[in-house]
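Asker: Those protein sequence lines, which keep their order, are chains A and B.
For reference, each letter of the first sequence is one residue, going 0 to 920 in numbering that gives the first Met the number 0.
For reference, each letter of the second sequence is one residue, going 0 to 170 in numbering that gives the first Met the number 0.
Take every hint as true, because none was put in to throw you off.
Below, simulated DSS-like cross-link-like pairs (lysine-lysine); rule was C-alpha separation at most 30 Å, straight line:
no., chain 1, residue 1, chain 2, residue 2
1, A, Lys208, B, Lys166
2, B, Lys124, A, Lys244
3, A, Lys310, A, Lys547
4, B, Lys166, A, Lys167
5, A, Lys310, A, Lys652
6, B, Lys124, A, Lys212
7, A, Lys482, A, Lys513
8, A, Lys212, B, Lys151
Read the hints as simulated data drawn from the structure, not as lab findings.
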Amino acid sequence: MPMIYVDGQEIEVVQGENILEACLNAGLDLPYFCWHPAMGSIGSCRQCALVQYQNEDDTRGRIIMGCMTPVSEGARFSLKAENAAEFREAVVESLMLNHPHDCPVCAEGGECHLQDMTVMVGHRDRRYTGKKNTYRNQYLGPLIHHEMNRCIACYRCERYYRDYAGGKDLGAQASHDHLYFGRHEEGVLESEFSGNLVEVCPTGVFTDKPFLKQYSRKWDLQSAPSICQGCAVGCNIAPGERYGKVKRVHNRYNQDVNGYFICDRGRFGSGYLNSDLRLDYAGIKNPDGSFFAVHQQQALDTAAGWMAGKKIAAIGSPRASLEANYLLRELVGAKNFVAGFSDQEAELMGSITTILQTTKAINPSIKQMESADAVLILGEDVTNTAPRVALALRQSVRNKAFELAEQMGLPAWQDAAVRNLAQDQRSPMTIVSALDTRLDDVASTCVSLAPDDIAAFGYAVAAALAGELTDNPSADATAQMLKTAKNPLIVSGSSMAHQGVIDSAAAVADALDKATSMLSFCVPECNSLGLALMVADGLGGSLSDLVKRAPKLDALIILENDVYLRGDKSQIDQLLASGTKVITLDIHENSTLDQSDLVMAAASYAESQGTLVSSEGRAQRFYPVHSPAAERLPSWQWLLRLANVMGHKKLSKLEHFDHIVAACAKSNLLFAGLVDVAPLNSFRDRGSKIPRQTHRYSGRTAMNSGVSVHEPQQPKDHESPLSYSMEGLNRDQPSSLMPFVWSPGWNSNQSLQKFQSEVDGPLKGGPSGVRLISSSLQGADLSQQIDKVTLTAHQWHLVPMQQIHGSDELSAHTEEIAELAGRGFIAIGQKVAEKLSVSEGDGLLVTQGEVECSLEVRILSRVAKNCIGYSVGYPEAQGLTAGSLVSLKADATWQRSGAEMIASDKASFEQVISDGGASNV
Amino acid sequence: MLSELRTMWEVLKHTFTKAETVQYPEEMPYLAPRYRGRIVLTRDPDGEERCVACNLCAAVCPVDCIALQKDTREDGTWYPEFFRINFSRCIMCGMCEEACPTYAIQLTPDFEMCEYDRQNMVYEKEHLLIDGVGKYPDYNFYRVSGMKTATKDKGEALNEARPIDTKSLLP
Numbered sequence: 000m001p002m003i004y005v006d007g008q009e010i011e012v013v014q015g016e017n018i019l020e021a022c023l024n025a026g027l028d029l030p031y032f033c034w035h036p037a038m039g040s041i042g043s044c045r046q047c048a049l050v051q052y053q054n055e056d057d058t059r060g061r062i063i064m065g066c067m068t069p070v071s072e073g074a075r076f077s078l079k080a081e082n083a084a085e086f087r088e089a090v091v092e093s094l095m096l097n098h099p100h101d102c103p104v105c106a107e108g109g110e111c112h113l114q115d116m117t118v119m120v121g122h123r124d125r126r127y128t129g130k131k132n133t134y135r136n137q138y139l140g141p142l143i144h145h146e147m148n149r150c151i152a153c154y155r156c157e158r159y160y161r162d163y164a165g166g167k168d169l170g171a172q173a174s175h176d177h178l179y180f181g182r183h184e185e186g187v188l189e190s191e192f193s194g195n196l197v198e199v200c201p202t203g204v205f206t207d208k209p210f211l212k213q214y215s216r217k218w219d220l221q222s223a224p225s226i227c228q229g230c231a232v233g234c235n236i237a238p239g240e241r242y243g244k245v246k247r248v249h250n251r252y253n254q255d256v257n258g259y260f261i262c263d264r265g266r267f268g269s270g271y272l273n274s275d276l277r278l279d280y281a282g283i284k285n286p287d288g289s290f291f292a293v294h295q296q297q298a299l300d301t302a303a304g305w306m307a308g309k310k311i312a313a314i315g316s317p318r319a320s321l322e323a324n325y326l327l328r329e330l331v332g333a334k335n336f337v338a339g340f341s342d343q344e345a346e347l348m349g350s351i352t353t354i355l356q357t358t359k360a361i362n363p364s365i366k367q368m369e370s371a372d373a374v375l376i377l378g379e380d381v382t383n384t385a386p387r388v389a390l391a392l393r394q395s396v397r398n399k400a401f402e403l404a405e406q407m408g409l410p411a412w413q414d415a416a417v418r419n420l421a422q423d424q425r426s427p428m429t430i431v432s433a434l435d436t437r438l439d440d441v442a443s444t445c446v447s448l449a450p451d452d453i454a455a456f457g458y459a460v461a462a463a464l465a466g467e468l469t470d471n472p473s474a475d476a477t478a479q480m481l482k483t484a485k486n487p488l489i490v491s492g493s494s495m496a497h498q499g500v501i502d503s504a505a506a507v508a509d510a511l512d513k514a515t516s517m518l519s520f521c522v523p524e525c526n527s528l529g530l531a532l533m534v535a536d537g538l539g540g541s542l543s544d545l546v547k548r549a550p551k552l553d554a555l556i557i558l559e560n561d562v563y564l565r566g567d568k569s570q571i572d573q574l575l576a577s578g579t580k581v582i583t584l585d586i587h588e589n590s591t592l593d594q595s596d597l598v599m600a601a602a603s604y605a606e607s608q609g610t611l612v613s614s615e616g617r618a619q620r621f622y623p624v625h626s627p628a629a630e631r632l633p634s635w636q637w638l639l640r641l642a643n644v645m646g647h648k649k650l651s652k653l654e655h656f657d658h659i660v661a662a663c664a665k666s667n668l669l670f671a672g673l674v675d676v677a678p679l680n681s682f683r684d685r686g687s688k689i690p691r692q693t694h695r696y697s698g699r700t701a702m703n704s705g706v707s708v709h710e711p712q713q714p715k716d717h718e719s720p721l722s723y724s725m726e727g728l729n730r731d732q733p734s735s736l737m738p739f740v741w742s743p744g745w746n747s748n749q750s751l752q753k754f755q756s757e758v759d760g761p762l763k764g765g766p767s768g769v770r771l772i773s774s775s776l777q778g779a780d781l782s783q784q785i786d787k788v789t790l791t792a793h794q795w796h797l798v799p800m801q802q803i804h805g806s807d808e809l810s811a812h813t814e815e816i817a818e819l820a821g822r823g824f825i826a827i828g829q830k831v832a833e834k835l836s837v838s839e840g841d842g843l844l845v846t847q848g849e850v851e852c853s854l855e856v857r858i859l860s861r862v863a864k865n866c867i868g869y870s871v872g873y874p875e876a877q878g879l880t881a882g883s884l885v886s887l888k889a890d891a892t893w894q895r896s897g898a899e900m901i902a903s904d905k906a907s908f909e910q911v912i913s914d915g916g917a918s919n920v
Numbered sequence: 000m001l002s003e004l005r006t007m008w009e010v011l012k013h014t015f016t017k018a019e020t021v022q023y024p025e026e027m028p029y030l031a032p033r034y035r036g037r038i039v040l041t042r043d044p045d046g047e048e049r050c051v052a053c054n055l056c057a058a059v060c061p062v063d064c065i066a067l068q069k070d071t072r073e074d075g076t077w078y079p080e081f082f083r084i085n086f087s088r089c090i091m092c093g094m095c096e097e098a099c100p101t102y103a104i105q106l107t108p109d110f111e112m113c114e115y116d117r118q119n120m121v122y123e124k125e126h127l128l129i130d131g132v133g134k135y136p137d138y139n140f141y142r143v144s145g146m147k148t149a150t151k152d153k154g155e156a157l158n159e160a161r162p163i164d165t166k167s168l169l170p
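Here chain B stands alone, though its shape is the one from the complex:
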């Protein structure tokens, strides 16, 4: 008896507390930038695709929902010919973002991804690629990498000396 009264008291007491529920979708909750929602592919500060198709995101993905194929640009740099994420399988764990050596793949706070047709949950590169740098404004992998690109010769990357002249006798 006493317990039932106590329960009613406890429940009624909440009549006077402030409601935690927000009127979604009219009212949007605050989500931190590090929130793990919809995955995007970003661009480097020069506006080029950041993804180099190294396949590490696909390898680390616990549900194997990332598939891509590497292709090569004329200057020898790598990029994904196709890049596909099956969001109907994705668990938003963020491992792909952690594995990415070029900051290309990033998770965003957008979680609103409902679809009536499951096929629409399959995102191709054109759906994933954004026109921005995302959370990391400065990084450009090819400026650091030793690979020669269209805009950077051998020896011009970060911390690199000029190419060695193997015919020289000097030390």
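Isolated chain A (complex conformation):
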């Protein structure tokens, strides 16, 4: 590895990196703005200036930009040289010319990269006496707040939003010192990844709007390492809490999973934690249907009385932790435990777990997916079902550009040059789906087919790969694309609710039979895969089996699951009203809870710990951010205490969370790795637990003094190596225990580089999470049976459309997410719309057997023949089933929503009007 000299100090560097990266790797503080590890260099902010000397005798040197200068053997630089330091200070001074005087009322204050860099370069006094430029702000939707005055024109937002995340509606406008970053007109940002602007922007132009409503400074937030519960990708997050409320969610770096970015559902979808629907106390149902609150012990005694020695059964949950599910399964016995999937979901999850263990392809991490140079997506709108994966797929199509750059000898971090070189050349991506997907813009080929035909297409590709002749030219082309690629990737998933699609994806992977080929499935919920692995033995049977058995049961216990979302209403009514005592543990009110006889208030993910298995089979631990409020208990504690009261032989011996993990790991060969997911409760870093609070956590002697001046002791965490305290050190600990990032002089999230072993590399604390499943590579056993559905006239094939905002059960209860989700819709092609004489925003009556729904019309540009999409998971669309045949009719009584604008959009617009004139941008 080459050696360079910085201020006489010898530094070993990586061949090909730039001097800014080299300095940061060496622990030197070199200020920067526009450079970002995930987005490379463009040299626009002129902040990372150093002096480079030609040789040992050169004393004058010349100023160069660190991010644009590659290192070379023996190169000499100076960071401390006076002219370089002066240059850097002058750059900040000029950036501050127009910077407004509003740090006290800026949500970035205290974690602002501009503040950090200003202090770092030593700029203090303003010399310029002229006037400051000002700008009008824009309304950018319910998630992002815009304050354009604060902009320093580093271009990071535009490069992230357009170049990295593929957004189209945010960009740079005007020129010179009139530069403006915003939309062409006010409106909701379209990208599903807009929230990352908050972290990408080095100052306070884009800030977190929901957080702003209940704002606390970064140093006042109590944080814990957590895992996003929004989907099955398992992004690492760091929620921040104060005064008992989870206030915001920030990205937590995990090189293999989410890197620097998460999606908007993950960042903004936790508002439901503070909603009025949350349960605070356990309750027993009165004869009149209402509940009366009882103490935890009373609830446990009652439940134990109903259950001990009786015929009992239980329903688990794909959104509860592995530990809670394990305890419940042990408590009632494997034969009485139903996973809590719908019948169809159970079947799909079963085959996905089998395929992942037998396929001849790698099950890739997101980082690995970014390296794919040919992608085939079968039947999945990845942006809506596994958003973070879609962001990775957007990067994968750039591998063509990197390949071209390599041929030219251009380093990959030369972002502008690489993009210029590649222009529109991308690695191939084929999307086969029934309807539009949000990745269509980067795909080289889009094929619109009905679900059955997607499966057939997949098998045709597999046949072509095996050398057979097919009569399908696009399948042949796809096969050729995969064959010639170095790292081909096949993505499919369960969102189509179609067995054949999943099987055909596995068939393609097996036919490809390449050591570097990858096969990834998108699965529905945060622990779907973990639960599917747990019930892979099939002992408990399906939900409909349970419905049949229900009348014979004495008690039924349901864990964090609204079973009304898992089956027909009539079927579930039958299950819950069969005279069986129903005991439910959940975090918030839902239909299942209303039908229960006893309710236990469960703690949310922010109040409990547990392990989730992501769609790549990675087991990851989440930790409580704050101790449970009121009389809530984590589900695993409810169940453990219930087992104790009932005198369960095996479970009574368990005392702590770690014991459950160990028992769970022993119970199933696949779960053996669980014990290594995170350090034990007894882990201490330099003698103390890892603090959840920053060292400048304020107000400890006043927070609770409104209630009583006698300060309570800090809550104790007896179950994890983290403490509710500011004592201890947050540095270099195992990565799964990193609650937040901060380093002296680096208050913003840019301090992450101090936690990375090298720029953009793994964390110093090692990898986080354990991969539970690996494939035997023998090839999946597939049926190849596709039952073709025959349509009669005027019937359409109902295709589920997962929506990032709205389809997820929990995040939909968040105010901002609900606003973005809008009304339940039916998505049709232009031709169908003309036939039914409806247009966008009109109403359609959708009839599926006895179910009739009135839904809003959305027009799609790409629709497979005889297919229509519907907003799955929306309350308006409840009752509709994926894959069923429906008839459509214009709804005469439909009321169009008042304006095109949504509520808060309108409010802001009216304010602008009343302020005397619309925004001039």
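Since chain A is already given, all that's left is putting chain B on it; use the hints.
Answerer: For chain B alone, kept in the frame of chain A given last:
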């Protein structure tokens, strides 16, 4: 012996000096305006709350006796939803006043804060907020800040140019 006599002499000598003790509370000592006593929250010259809930006072407080929560008015300006000082912990160091970017929090010469019940030492915003500007008569943060408020448009703050028309081609 000599030392004892000397001591008695020294003590008796004070019989003829003027007493330094004042008859508090009948007679009040003079305390300079900069004396660090009971903390107040002041208002700007327009009569609005000065505090913008920036949290700097809480952050700098060495005994962590200040807690507040930011809220937003309709026009986007910030103010504290609650602002609490636990005077039973306060050491009157005045760091909060130094940290305050809006001159909202000020220490006053009032030191008479005895209570029989310690709970009464906890002051909420209604107890802290006074109807005056305190030691700094002129300052109004929002007149200087670039933020748009109900009474001030973009570009109307101190030293600000009119908002830029990004559609204009002129330099």
